[in-house]
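Produce the entire structure from the sequences given, and follow the hints as far as they go.
These protein sequences, in sequence, are chains A and B. Quick note on numbering: the first sequence equals residues 1 to 273 in this note's numbering. Quick note on numbering: the second sequence equals residues 1 to 299 in this note's numbering.
Hints were generated in silico from the structure; no laboratory data involved. Incorrect hints may appear among the rest.
[Said to hold, decoys possible] Straight-line distance between alpha carbons at most 20 Å, and here's what the computed DMTMM-like set of lysine to aspartate or glutamate pairs gives:
hint	chain 1	residue 1	chain 2	residue 2
1	A	260	B	156
2	A	260	B	143
3	A	260	B	74
4	B	202	A	79
5	B	84	A	261
The chain contents come next:
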Amino acid sequence: MITYSRLKVAHIRHLKAGYVLLTLLYDNQMTPPQPGQFFMLKPRNTIIARPISVHNFFSVLKKNYIEFLFKVVGRGTEELSDMKKGDMLPVWGPIGNSFPIPEDKRTAVLIAGGRGIAPLFFLATRLFEKKYEIHFFYGVKNSDELIHLLRIKNLSTKLYISTEDGKKGKKGFVTNLFQDAVGNYSSQVKENLLFDYEGKKSPVCYVCGPDIMIEKVCDISLTGRIKTYISLESHLACGTGVCLGCTVETRGGRLLHICKEGPVFDAEEFYCK
Amino acid sequence: MKELTTSLSNLNLKNPVMTASGTFGFGFEFMNFYDTSLLGAIVCKGISRNPREGNRGHRLAEINGGLINSVGLENPGLTDFIDKIIPEAEKINTTYIVNILGSDIEEYLYIAERLSGLKRADAIEVNISCPNVKSGGISFGKDLNLTRELARKLREIFPRPLIFKVSADIPYLEIARICRDEGIDALTCINTVQSLLIDVDKKAFRFNNIYGGLSGPAIKPVALRVVYQVQKEVGIPVIGCGGIMNYRDALEFFMAGASAVQIGTANFANPLSAYEILRDLSEYCEKNNIPDIRELRIW
Ligand SMILES: Cc1cc2nc3c(=O)[nH]c(=O)nc-3n(C[C@H](O)[C@H](O)[C@H](O)COP(=O)(O)OP(=O)(O)OC[C@H]3O[C@@H](n4cnc5c(N)ncnc54)[C@H](O)[C@@H]3O)c2cc1C
Ligand SMILES: Cc1cc2nc3c(=O)[nH]c(=O)nc-3n(C[C@H](O)[C@H](O)[C@H](O)COP(=O)(O)O)c2cc1C
Ligand code: FES
Chain A
1 MITYSRLKVA HIRHLKAGYV LLTLLYDNQM TPPQPGQFFM LKPRNTIIAR
51 PISVHNFFSV LKKNYIEFLF KVVGRGTEEL SDMKKGDMLP VWGPIGNSFP
101 IPEDKRTAVL IAGGRGIAPL FFLATRLFEK KYEIHFFYGV KNSDELIHLL
151 RIKNLSTKLY ISTEDGKKGK KGFVTNLFQD AVGNYSSQVK ENLLFDYEGK
201 KSPVCYVCGP DIMIEKVCDI SLTGRIKTYI SLESHLACGT GVCLGCTVET
251 RGGRLLHICK EGPVFDAEEF YCK
Chain B
1 MKELTTSLSN LNLKNPVMTA SGTFGFGFEF MNFYDTSLLG AIVCKGISRN
51 PREGNRGHRL AEINGGLINS VGLENPGLTD FIDKIIPEAE KINTTYIVNI
101 LGSDIEEYLY IAERLSGLKR ADAIEVNISC PNVKSGGISF GKDLNLTREL
151 ARKLREIFPR PLIFKVSADI PYLEIARICR DEGIDALTCI NTVQSLLIDV
201 DKKAFRFNNI YGGLSGPAIK PVALRVVYQV QKEVGIPVIG CGGIMNYRDA
251 LEFFMAGASA VQIGTANFAN PLSAYEILRD LSEYCEKNNI PDIRELRIW
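Written out as structure tokens, the structure is:
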């Protein structure tokens, strides 16, 4: 259920490359969030709130905390990044559906591009608790954008990093890494082979990042007949299903609303096998 | 809370704070936030005869002081509205006003006729800023003969209060006179202001439809102008709407001559807005000993 509250800033950390980690003391009257869901965060001086995915949800000494990871890209995120410890932030949520987790313990493949790490990190913590095998692909432009590397490494069975500047992990795009891992059994990257189908179930993929990255990943995963879930963005005003502004267009030309039917979608709705 | 009943011709409201069409869904979506039955009235999303999918591409953009939307009147259509939404709306214990739109006179009349048999449709608000297909897409309100015909025919078939909603982009004073003469109960002033946004990097119009509608604080002075002029020149009861974000904004509209107000974009900034504005307004009236909101008028 979506409810409104004003949450207290417990902690704010300015990371590298314009990323901000905002930790708020949760209001226990609100529904606990699931991975993939998001909140509307209202900066004081903007007209409308900004949608930000839940990055983490945890408790310390019987208190619940919710964490958001965002990149400063404009006025709203700039203002949010200026919050101080103890400030109150109006929010409403949790909004939208969440990443479906299959009952059987098949391998989970998480593919994050840039700030797409935000919701996938939360998903990884949940999958880890449930003892899923996690193969994490994480790509960024500049290596200083890599967030929580150690924690992600601890959650993952296998971690693949790509940077466009080549300073960490493999130089290039995360889609190339993914392609190498999935595809081409006959190639040299044998030790990187992800999917040994023999005796195993096909994995499930979760993707979040720039549109172009999602498209390329889906092209690969859907060709491999891998169940793929994607988290999409659009411009939102209300987060409550009333402004009807948050549409995305499916492959078949249907218009779906991020805050009602999303933000997580079955990739087949949007991309061709 | 202080009682703040108000009436606009035959439209009687328990208080003068209502929601603006397209910003509050069908009213029950906000029940998680507060009891929306407290409001003076709920105006639902605009309904057309058939479902409308709305516009493709970008639909929203925030600018300094405002929001531009190009939603394109997406709605479930009259049949789904009557079968699925009205039963839910029965739970809301306040005046329920159905906003309607049409691409020709027949469409408006068809909808009004079907709504006339529905108890829950306490009143109709007629959006006349939609493009009229038969006159080449020019908005209804720009054709005064058409507007008069529409007002007259709607008055004949709909027995309960009728409100016309105007924008600042159509000849609102002439329309106000027509509405007064044809027995329309009130005028909502104003709808969004036609706007255009350009994406400089892409060297392209931001919206597929080129134009969008501006709402929020940026249009408040325009809305106040229209409210004042319509009240002064014509005298038909007015519902003020446009950029009301708090109770002091609402007070400006009452001082300009409005008998009620609608809260739109503010519902996006804070889902509790309409409730908080009502609460603060009633506190203000109590403190200042104002028995009737219409006494706030400053001229
Ligand atoms: C469901 C959802 C979850 C999100 N989760 C996160 C998250 O966890 N971390 C994070 O860093 N960001 C997230 N975003 C994106 C975030 O909402 C936008 O970056 C933010 O709204 C930008 O606001 P601004 O005022 O700073 O920038 P603006 O001044 O509004 O815009 C700056 C630039 O960003 C673009 N932009 C603005 N809003 C969006 C948007 N919603 N989608 C794509 N581009 C946009 C604008 O076109 C412009 O180019 C999410 C978006 C959605 C829809
Ligand atoms: C997203 C959005 C959708 C709207 N949809 C409708 C509509 O369907 N019918 C209508 O008459 N007005 C519609 N409006 C206009 C509002 O009802 C209101 O007249 C306008 O936004 C000005 O008020 P505000 O500044 O308080 O938002 C819409 C406005 C917005 C922002
Ligand atoms: S954000 Fe308003 S309907 Fe989705």
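We went through each hint and held it up to the structure:
no., hint, in the structure
1, A:260 x B:156, "violated (39 Å)"
2, A:260 x B:143, "violated (38 Å)"
3, A:260 x B:74, "holds (14 Å)"
4, B:202 x A:79, "violated (26 Å)"
5, B:84 x A:261, "holds (18 Å)"
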